[in-house]
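**Q** Given next are the chains, with one letter for each unit.
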Amino acid sequence: MTGAKAKAKAKAKDDKARTKHIQETAKKVLEEGTVKFVIGYQDGTYGGRDRPLFVENAEDCGKLKWGPGCTHNLSVYIMDDKRKPLKRGEEPDPRPIGIVIKGCDSMGIIELLKEHIIKREEVFLIGVGCDGIVDHAKLRKALRGSMPLRAVLDMRIHREGDKLIVEHGDGKVELKMKDVMLDKCHDCDRHTPLLYDVLAGEDIDPVERPDKETMKAKRAAKEDFSDVEEIEAMSLEDRWEYWKEQFSKCIRCYACRSVCPMCYCEQCVVDPVNLSLRPNTSPEEKAKRTKWIEKSNDLSETIFFHITRALHSAGRCTDCGECERACPMDIPLRKLTRKLRKDMKELFGYEAGVDCEEKPALATIRVSDPEEYVR
Amino acid sequence: MVPREEGKAMDGILAHKDLRVWLGSLMKEGRDVMVPVERDDKVGYEDLAEVGDKKVLLEFHNSHRPPKEIVFPQTEVILRYKREKGDLSIEEVRPEMGTTVVFGIRPCDARGVHILDSVFSGSNPDPYYWERRKKVILVGLACKEPHFNCFCTTVGGSPAGTEGLDVLLTDIDDGLYATSVTARGKDLMSKGPFKKASAKHRKKAGKVHEEAIDRMARVPEGGPKDPMAVAQLLATVFDDAFWDETSKGCIGCGACTYLCPTCHCFDINDEGSMKEGRRVRTWDSCQYPDFTLHSSSHNPRPIKKHRIRQRVYHKFKYMPETLGMFGCVGCGRCITSCPVNIDIYRIIMDVKEVAE
Numbered sequence: 015m016t017g018a019k020a021k022a023k024a025k026a027k028d029d030k031a032r033t034k035h036i037q038e039t040a041k042k043v044l045e046e047g048t049v050k051f052v053i054g055y056q057d058g059t060y061g062g063r064d065r066p067l068f069v070e071n072a073e074d075c076g077k078l079k080w081g082p083g084c085t086h087n088l089s090v091y092i093m094d095d096k097r098k099p100l101k102r103g104e105e106p107d108p109r110p111i112g113i114v115i116k117g118c119d120s121m122g123i124i125e126l127l128k129e130h131i132i133k134r135e136e137v138f139l140i141g142v143g144c145d146g147i148v149d150h151a152k153l154r155k156a157l158r159g160s161m162p163l164r165a166v167l168d169m170r171i172h173r174e175g176d177k178l179i180v181e182h183g184d185g186k187v188e189l190k191m192k193d194v195m196l197d198k199c200h201d202c203d204r205h206t207p208l209l210y211d212v213l214a215g216e217d218i219d220p221v222e223r224p225d226k227e228t229m230k231a232k233r234a235a236k237e238d239f240s241d242v243e244e245i246e247a248m249s250l251e252d253r254w255e256y257w258k259e260q261f262s263k264c265i266r267c268y269a270c271r272s273v274c275p276m277c278y279c280e281q282c283v284v285d286p287v288n289l290s291l292r293p294n295t296s297p298e299e300k301a302k303r304t305k306w307i308e309k310s311n312d313l314s315e316t317i318f319f320h321i322t323r324a325l326h327s328a329g330r331c332t333d334c335g336e337c338e339r340a341c342p343m344d345i346p347l348r349k350l351t352r353k354l355r356k357d358m359k360e361l362f363g364y365e366a367g368v369d370c371e372e373k374p375a376l377a378t379i380r381v382s383d384p385e386e387y388v389r
Numbered sequence: 048m049v050p051r052e053e054g055k056a057m058d059g060i061l062a063h064k065d066l067r068v069w070l071g072s073l074m075k076e077g078r079d080v081m082v083p084v085e086r087d088d089k090v091g092y093e094d095l096a097e098v099g100d101k102k103v104l105l106e107f108h109n110s111h112r113p114p115k116e117i118v119f120p121q122t123e124v125i126l127r128y129k130r131e132k133g134d135l136s137i138e139e140v141r142p143e144m145g146t147t148v149v150f151g152i153r154p155c156d157a158r159g160v161h162i163l164d165s166v167f168s169g170s171n172p173d174p175y176y177w178e179r180r181k182k183v184i185l186v187g188l189a190c191k192e193p194h195f196n197c198f199c200t201t202v203g204g205s206p207a208g209t210e211g212l213d214v215l216l217t218d219i220d221d222g223l224y225a226t227s228v229t230a231r232g233k234d235l236m237s238k239g240p241f242k243k244a245s246a247k248h249r250k251k252a253g254k255v256h257e258e259a260i261d262r263m264a265r266v267p268e269g270g271p272k273d274p275m276a277v278a279q280l281l282a283t284v285f286d287d288a289f290w291d292e293t294s295k296g297c298i299g300c301g302a303c304t305y306l307c308p309t310c311h312c313f314d315i316n317d318e319g320s321m322k323e324g325r326r327v328r329t330w331d332s333c334q335y336p337d338f339t340l341h342s343s344s345h346n347p348r349p350i351k352k353h354r355i356r357q358r359v360y361h362k363f364k365y366m367p368e369t370l371g372m373f374g375c376v377g378c379g380r381c382i383t384s385c386p387v388n389i390d391i392y393r394i395i396m397d398v399k400e401v402a403e
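Heads up: the sequence lines are chains E and A, in that order.
Mapped onto this note's numbering, the consecutive letters of the first sequence carry residue numbers 15 to 389.
Mapped onto this note's numbering, the consecutive letters of the second sequence carry residue numbers 48 to 403.
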C-alpha cells in the first residue's frame with residue numbers, strides 16, 4: 015500500500031485501536047524474545063500528560079498507551095542503550111530495541127541510520143499514526159477557570175475525532191484539538207511514520223524504507239517557513255536585540271541538547287571534558303582539549319552554544335520540536351533550527367530524515383552546489 | 048545564621064493601597080527591593096526601581112525560577128589574575144551587594160534559603176554566600192492556592208511557613224496581614240504605614256492558611272514525612288531495581304537542578320589566558336554525566352540510575368542525616384520542568400511500597 019493511502023487510513027483509526035495494537039505487538043515480541051525491551055508511553059503523573067515507559071516483561075505491556083499526550087521523541091533513548099557500560103565478561107545483547115515511533119520521530123531514526131550511528135537491525139519500529147499532540151501549556155491556559163487547580167493533578171485526556179476531551183474529578187471539558195495542539199503539529203505532513211516494522215492500528219504490510227511516492231511528495235511540498243521569515247525580515251540590529259533577549263533567559267541546563275536524538279556526541283562543544291575519556295587517554299590529550307564554551311552563563315557563551323548547536327543541526331534536524339518543548343525557559347529554539355532547515359532546502363534542495371539511502375548533507379559535495387561565496 | 052526573634056513578634060495590617068508606599072520607603076533608605084512581576088507569561092523577581100509600571104503581583108503561584116540566585120548566583124567571579132612584566136597579581140573578588148529586600152517570596156523558597164544557610168555554614172562558612180545572604184531580607188507571602196505540583200506539607204513545610212523569613216504577609220481582603228519573624232523583620236515593618244491588627248484580621252489570615260492546605264492536590268499519604276524515617280527507609284532499598292525503572296526516562300539535562308530552591312552544587316573553572324583571566328564559580332548538576340567523571344575515566348556514577356538515585360538520596364537521606372532536614376521544600380518545580388515527567392514526590396511515595 016502506498017504512503018498516501020496509509021496516511022488516509024491512519025487518520026481514520028482511533029487511539030483505542032492503536033493502543034491495543036501497540037500493547038499486543040509489544041507483548042508478542044517480548045514473549046518471543048525477539049527484542050531486548052520496548053520503549054513506549056504510559057500515563058504521566060499530572061495534568062493528563064504521558065511519559066516514557068520501558069517494558070521488559072510481556073505482562074507489563076498493559077501499561078503501554080497511545081494518545082494525544084504522547085509527546086516524547088523516544089528515539090533519544092537508543093544511544094543510552096548502545097553506550098550502556100557492560101559488566102566484566104558480559105557480551106552485548108544483539109537483539110533490537112522495540113520502540114514506539116510517531117511520524118516526526120521516524121524521521122530522526124532515518125537520520126540516525128544515515129549517519130550509521132545505529133543499524134536498522136538494532137531497532138524494531140512500532141510505528142503509530144498521529145493526529146496531533148497536545149501542548150500542555152496551551153491546554154492549561156484553555157482550562158483556566160473551568161476547573162479547580164487541584165483537579166489538574168489527576169485529570170485525563172483523550173481524543174475523539176477533532177476534539178480533546180478532558181476528564182477530571184469534578185466534570186468534563188471539551189476542547190478543539192487544533193486549539194491546544196503543539197505548533198509543530200499544525201503543518202504536519204508526516205502523520206504516518208516514514209519507516210516502521212509494524213504500523214499500530216493498521217493492517218498494512220510493513221514498508222522497508224519510505225516509499226518513493228512519500229519521499230517525492232515530501233520534497234516537493236513547500237514548507238511554511240513564515241516563523242523563520244518573520245525573523246529574517248528584521249533588521250540586523252532588531253534581530254540581535256531579539257535573540258539577546260531570548261538567550262538571556264537561558265539557564266544552560268542543556269535540556270535542548272539532552273532531549274535531541276541527533277545530539278549524541280560524546281565530545282560536545284559544551285562539555286568541559288571529553289566524555290569519551292578512556293583509561294588510556296594520555297595526559298597530553300586531556301590537557302590539550304580545547305574549552306570552546308565556558309561554563310559561566312555569560313550571554314556570549316550562551317549565544318555561542320545555541321548558534322553552534324543550530325549549525326550542527328543543519329541537514330540533520332528533522333524538526334521534531336522536542337528541544338523547544340523541553341526548554342524550561344520557553345526559548346523559541348525551533349526558529350533557529352528551522353532557519354537551518356530552510357537554508358538546507360533552499361541552497362541544496364535537501365531535507366533531513368526522508369531517505370535512509372541518502373548520504374548526510376554535510377558529507378556530500380555535488381558539482382551543482384551553490385558557491386556564491388566564491389567570488 | 049540570620050538572627051532569630053528577640054522579644055515578642057509583632058503583627059500589623061497594611062492596606063493594599065499602602066504597599067507601594069511601604070516598598071518606596073524601603074527603597075528611599077537605600078535598599079534594593081525585589082518584587083514579583085510577570086514577564087513573557089512567567090513570574091520573576093525584579094528590582095522595583097526598574098519594573099516601570101509592571102504590577103507587583105500578589106496573585107500568582109510561584110516564580111518560575113526560585114529566588115535562590117539572589118544569594119547564590121549562577122555565575123560568580125571569585126578571583127581575577129593578571130600577569131604584567133612577569134609579575135602575577137591576584138585580586139580576590141568579594142560580592143558587592145546592598146541591602147536587598149525580597150518581597151513576595153513564597154514560604155517554600157524561603158525555607159530553601161534556610162536550608163542553603165545550613166549547607167553554607169559549618170566549620171568553613173562560605174564567604175561568598177554569606178556576604179550576600181547577610182544583606183538579604185525576606186518578606187514572604189503566604190500561598191492562597193498551591194500549584195498542582197506543590198507538596199510542601201509532605202516535606203514538613205507549609206503554605207504559611209516562616210522558616211527563613213523575616214516577615215510573613217497574608218493577603219486578606221482588608222489588606223496584607225503581617226507577622227514579624229525576626230528583629231530585622233520587625234524593623235522593616237516599622238518603616239511602613241502598618242496599622243494595629245485585630246483578632247478578626249488574625250482569624251482571616253488563619254483561614255487563608257487553612258484553605259491553602261485544603262487545596263493542596265498532592266497530600267502526604269500517611270502524613271508529613273519525617274526526615275529520619277525516610278532516610279532509614281531509603282537505606283534499605285539502595286540496590287533495588289526500583290531505581291532502574293524510575294531513572295530510565297531521564298535524559299540527563301539539568302532542568303531539575305537549576306530550577307530547585309535548594310540545589311547548591313557548583314563547579315569552579317578558570318577562564319582566560321596565560322596573561323589574564325578569572326576564576327569563576329558556576330552552578331553544576333549531579334545529573335550531568337561528567338559530574339563525577341574522574342580523570343582516569345572511571346565514573347562512580349556511570350549511568351542515569353546512579354545519578355537519579357543520588358539526587359533522591361542527597362535530598363531525602365544524606366541531608367537529613369547531616370543537617371537534620373530534607374533537602375527538598377516541595378515547590379514542585381522539578382516536576383513541572385522535567386521534560387520526561389520524572390516525579391520526585393511519586394518516587395518518595397512509591398519507595399515505601401518497594402521497601403515492603
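It cannot be assumed that every hint is accurate.
Stated by the list, open to error - Heads up, simulated PhoX-like pairs for lysine-lysine below, C-alpha to C-alpha not over 25 Å straight-line:
{"no.": "1", "chain 1": "A", "residue 1": "K101", "chain 2": "E", "residue 2": "K263"}
{"no.": "2", "chain 1": "E", "residue 1": "K258", "chain 2": "A", "residue 2": "K89"}
{"no.": "3", "chain 1": "E", "residue 1": "K305", "chain 2": "A", "residue 2": "K322"}
{"no.": "4", "chain 1": "E", "residue 1": "K152", "chain 2": "E", "residue 2": "K198"}
{"no.": "5", "chain 1": "E", "residue 1": "K152", "chain 2": "A", "residue 2": "K322"}
No lab work stands behind these hints: they were computed from the structure.
**Q** Each of the hints needs a verdict: does it hold here or not?
**A** These are the hints, each one checked on the structure:
{"no.": "1", "hint": "A/K101 with E/K263", "verdict": "holds (19 Å)"}
{"no.": "2", "hint": "E/K258 with A/K89", "verdict": "holds (18 Å)"}
{"no.": "3", "hint": "E/K305 with A/K322", "verdict": "holds (17 Å)"}
{"no.": "4", "hint": "E/K152 with E/K198", "verdict": "holds (13 Å)"}
{"no.": "5", "hint": "E/K152 with A/K322", "verdict": "violated (51 Å)"}
Of the numbered hints listed earlier, the single one contradicted by the structure is hint 5.
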